[in-house]
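K.L.:
The task is simple: from the sequences and hints, build the whole structure.
In the order they appear, the protein sequences are chains C and R. For the first sequence, numbering that gives the first Met the number 0 assigns the number 0 to the initial residue and increments by one for each residue that follows. For the second sequence, numbering that gives the first Met the number 0 assigns the number 0 to the initial residue and increments by one for each residue that follows.
Just so you know, these hints were derived from the structure itself, not from any lab. Take these hints with a grain of salt, some might be off.
Since the list gives no way to pick out one identical chain from another, each pair is judged satisfied if it fits inside one copy or across any two copies.
Pairs of lysine-lysine residues, derived as BS3-like cross-links and limited to a Cα-Cα distance of at most 25 Å, are as follows [said to hold, decoys possible]:
id, residue 1, residue 2
1, K29, K79
2, K81, K27
3, K32, K79
4, K81, K32
5, K83, K32
2 protein chains.
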Amino acid sequence: MELITIIGLTAALFTTVSLFPQLLKVWKTKSTKDISTGMFTLFCGGVLLWFVYGVFVKDFPIIFANALAFVQALIILAFKMKFK
Amino acid sequence: MELITIIGLTAALFTTVSLFPQLLKVWKTKSTKDISTGMFTLFCGGVLLWFVYGVFVKDFPIIFANALAFVQALIILAFKMKFK
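P.N.:
Take a look at the structure:
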């Protein structure tokens, strides 16, 4: 595999996996005061569009990474709505 | 411009701009208790790698969007370090 492909895949892995510690934190603490609703709303919209983009260009890594990011960001947003 | 290009650019705009409300929130409140250090560390690493990827493939939108995301995420992380 070329170096540039490895860099791209590692980048995708990092940004997708990054949401998990935040999800775990709100799940455990049920506290979301410092989390911005604006951030997670825009982020959900963004990764949903990336998902649509991935479907259009038939790129499985884009589809998979953004579907995973969308689900995690949506759960964080749901926690934010529930525990203001 | 093709629809798929518009979708991709809008997606990039959303995910990049999404960090700004969070940055503004921690700036104003100086409170970061509910923000995950793990999330913003992994996210900083991820967008930095996307930036390197963009430089490699000479793609200006990838370079620009991820440079902007990196700076914002790094400031949020600095606030998290300063105001535990």
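K.L.:
Each of the hints needs a verdict: does it hold here or not?
P.N.:
To see whether the hints hold, each was checked on the structure:
For a Cα distance limit of 25 Å, the shortest separation of K29 from K79 qualifies both inside one copy, at 9 Å, and across copies, at 19 Å. Taking the closest pair of Cα atoms, K81 and K27 come within 25 Å of each other both inside a single copy (14 Å) and across two copies (23 Å). Taking the closest pair of Cα atoms, K32 and K79 come within 25 Å of each other both inside a single copy (8 Å) and across two copies (14 Å). For a Cα distance limit of 25 Å, the shortest separation of K81 from K32 qualifies both inside one copy, at 11 Å, and across copies, at 18 Å.
Taking identical chains as interchangeable, the C-alpha atoms of K83 and K32 lie at most 25 Å apart whether they share a chain (6 Å) or sit on different chains (14 Å).
Comparing the model with each earlier hint shows no violations; every hint is respected.
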